[in-house]
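For reference, the chains in residue letters:
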Amino acid sequence: MPSAARLSLHVPEPSVRPGGKPDFSHVGFAPAGEARRPPVDADPAEFRDLAYSLIRVLDDAGAAVGPWAEALSAADLRQGLRDMMLTRAYDARMVLSQRQGKTSFYVQCLGEEAVACAHRKALAPGDMCFPTYRQQGLLIAAGWPLVDMMNSVFSNEKDRLKGRQLPTMYSAREAGFFTVSGNLGTQYPQAVGWAMASAIAGDDKIASAWIGDGATAESDFHAALVFASVYRAPVILNVVNNQWAISSYQGIAGGESVKFASRGHGFGIASLRADGNDYLAVHAVSAWAAQRARANLGPTLIEWVTYRAAAHSTSDDPGKYRPRDEGAAWPLGDPLERLKLHLIKRGEWSEERHAQMRAEIDAEVLDAARDAESHGTLHDGPTPSPASMFEDVYKDMPRHLREQRQQLGV
Amino acid sequence: MVEAIRDALDVKMAEDQKVVVFGEDVGYFGGVFRCTEGLQRKYGKSRCFDAPINESGIVGVAIGMGAYGLRPVAEIQFADYVYPAYDQIVSEAARLRYRSGAEFFAPLVLRMPCGGGIYGGQTHSQSPEAVFTHVCGLKTVIPSNPYDAKGLLISAIEDDDPVIFLEPKRLYNGPFSGHPDQPAVAWAKHPLSETPEGRYVVPLGKAAVRREGKGVTVLCYGTMVHVSEAAAEETGVDAEILDLRSLIPLDIDAIVASVEKTGRCVIVHEATLTSGFGAELAAQVAERCFYALETPIRRVAGWDTPYPHAEEWSYFPGPERVGRALLAAMEG
Chain R
1 MPSAARLSLH VPEPSVRPGG KPDFSHVGFA PAGEARRPPV DADPAEFRDL
51 AYSLIRVLDD AGAAVGPWAE ALSAADLRQG LRDMMLTRAY DARMVLSQRQ
101 GKTSFYVQCL GEEAVACAHR KALAPGDMCF PTYRQQGLLI AAGWPLVDMM
151 NSVFSNEKDR LKGRQLPTMY SAREAGFFTV SGNLGTQYPQ AVGWAMASAI
201 AGDDKIASAW IGDGATAESD FHAALVFASV YRAPVILNVV NNQWAISSYQ
251 GIAGGESVKF ASRGHGFGIA SLRADGNDYL AVHAVSAWAA QRARANLGPT
301 LIEWVTYRAA AHSTSDDPGK YRPRDEGAAW PLGDPLERLK LHLIKRGEWS
351 EERHAQMRAE IDAEVLDAAR DAESHGTLHD GPTPSPASMF EDVYKDMPRH
401 LREQRQQLGV
Chain C
1 MVEAIRDALD VKMAEDQKVV VFGEDVGYFG GVFRCTEGLQ RKYGKSRCFD
51 APINESGIVG VAIGMGAYGL RPVAEIQFAD YVYPAYDQIV SEAARLRYRS
101 GAEFFAPLVL RMPCGGGIYG GQTHSQSPEA VFTHVCGLKT VIPSNPYDAK
151 GLLISAIEDD DPVIFLEPKR LYNGPFSGHP DQPAVAWAKH PLSETPEGRY
201 VVPLGKAAVR REGKGVTVLC YGTMVHVSEA AAEETGVDAE ILDLRSLIPL
251 DIDAIVASVE KTGRCVIVHE ATLTSGFGAE LAAQVAERCF YALETPIRRV
301 AGWDTPYPHA EEWSYFPGPE RVGRALLAAM EG
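As they're listed, the protein sequences go chains R and C. Here the first sequence stands for residues 1 to 410, where the numbers follow the working numbering. Here the second sequence stands for residues 1 to 332, where the numbers follow the working numbering.
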């Protein structure tokens, strides 16, 4: 048996750093159409391999192949393309607004649009998502008004959250979008609890929990899995593996040793690993998991393999820790381009129609931004009243808060 | 008091399908202190059930249940075990309403046995009320007798804000004067052991005068109410004993009225002294009643050490220590 003279600590390190040649050989890819599709009522023990493979539908030529290819209509797919394009244009506008000083901070989801947009379309009205700060696509795909989202980003007088939350931490109960926390992972057990409540009440609604690769290291991730497993909660446990948690690559969260999807195995949870940049795959896998949950068959954990194409936030510079051209080398491509190619290949789309839709979307985003800005931005124009700071701490304002509000003189 | 707590849960579960009760050993077995005994049999496994040993998960799922529209009552087996759930309580339960502009809220109750006097050592004896009173958005309640325990717990379950419900475990089976060498006393003979049948409430934020007096105001709660009563009897000091019952919201009017009457104030709690809730009470009294005070405010509390096992009675702020403070307050 080999022995070391002295112990040494292993600290995972990405295979490449700035200046190096992008290398994704550690990620683990598979050709489109290869992964099998078990029946939704299959025993999770019978498809453990699906946590290590990669469910993909769209191949490199834009064809939908394999057992996960669904009969989504061209109209649905055009809507999906529009949702993703709108999400991207919205993000671009908000990043610009942050640079212009209209807000403090912004988090875009560039390159990850398919995960949230397609997933939302696989849920039913009344289902509840427990998102992180990078799932704005859930709201946009639900048709939620951009102006309302922008009001929140600008913390202006129309912000329903009364200027209390950081940008991107939306709340929209009607859209099935739970209030976003800034503390990572806390929403995961909450989603499981919401799903348990639905089961206790004999309802037909399911919950969808969201977390990033980095935050799967949080204790709350594991707490959520044990509760989801024990009570067979009707919940979808999404792990968005975009390879990076600010500057820490996925290996720092344990991704060097195992696939995040396989975290579900220790809990007996159905676990799948899928191409997050493939709108069709995201929709099909989400619909499978939703059907399973709604049939009282319990939770499904899904690792969405994607790539964070932009900086973590407007406060981050990824050039300091990863090659600047890494995004261009990402093997799963751009979700918008892939769906566009598929629609064109089906004869349901064209470059001309695409350009026209792009122009419409740009105009829509600009109109929304003008509308929102007319109600103020963070440092300019109307803002929520300071008196509102003391509201909603409790349902009814207790005496000590009334006294403090009086001290502030509002 | 165990029966009173169980009765409150029973009343609310019968009345409101949305009330669910869960926690470690809470279901079939009925809880290590027996507070949920019989509830699973009566209301079924989906409304009273055992939870995995994961406090962060217990509180996290309770928040999700509350956001869905249920009224979860979760038991943390010992208050000492609550710390893994601190993020869920502080950053989540306490702030859902605020951060969502009142779109979401979690009407949950976290019941947890607290306090020492049962040879529980440093992990089964703590009184962590101050770590919750420091958090805006939470309400923190501590009953001292069966009547209040039932009425306060019903109020807490009906409340739309998250409530931390601390149950002094030394009081579960009888009042406790703080003399460990005296025979244990059952609740039966105590005037506050009677709990009316069915629903009644003791409102959150209302203190109760347990003993009227003109000499010195004692601000206390939980087990220390009984210890303070014993101290007043044993010293003969004309103490007015105020059982706060609810720390947030705090009945400041009752405190001010009493201190202005007596001109003296002793604060008693079992939790450690430094940055304990007594510090907040002392500050409030100093700010609001300074010119009425004849003598300095005094605090009697647990020492700033972990709760020791063998030396429990040297640690516990018993009637002798409280009595000395009462006499000192009277002397100046």
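Any given hint could be a false lead.
[Claimed, not checked] Dumping the calculated DMTMM-like pairs for lysine to aspartate or glutamate here, alpha-carbon to alpha-carbon at most 20 Å:
#1 Lys206/C to Glu403/R
#2 Lys18/C to Asp204/R
#3 Lys395/R to Glu158/C
#4 Lys45/C to Asp80/C
#5 Lys395/R to Glu331/C
Hints listed in this document are in silico derivations from the structure and should not be mistaken for laboratory results. The structure displayed is predicted, hence computed values, not measured ones.
Evaluated hints:
1. Distance hint between Lys206/C and Glu403/R is fulfilled; the C-alpha atoms sit about 18 Å from each other, no more than 20 Å.
2. Only pairs whose Cα atoms come within 20 Å are accepted, and Lys18/C paired with Asp204/R is accepted, the gap being roughly 16 Å.
3. Simply put, Lys395/R and Glu158/C have alpha-carbon atoms about 12 Å apart, close enough for the 20 Å limit, and the pair holds.
4. A hinted pair counts as satisfied when its Cα atoms are at most 20 Å apart, and Lys45/C with Asp80/C does not qualify at roughly 27 Å.
5. At most 20 Å may separate the alpha-carbon atoms for a hinted pair to count; Lys395/R and Glu331/C exceed this at roughly 45 Å.
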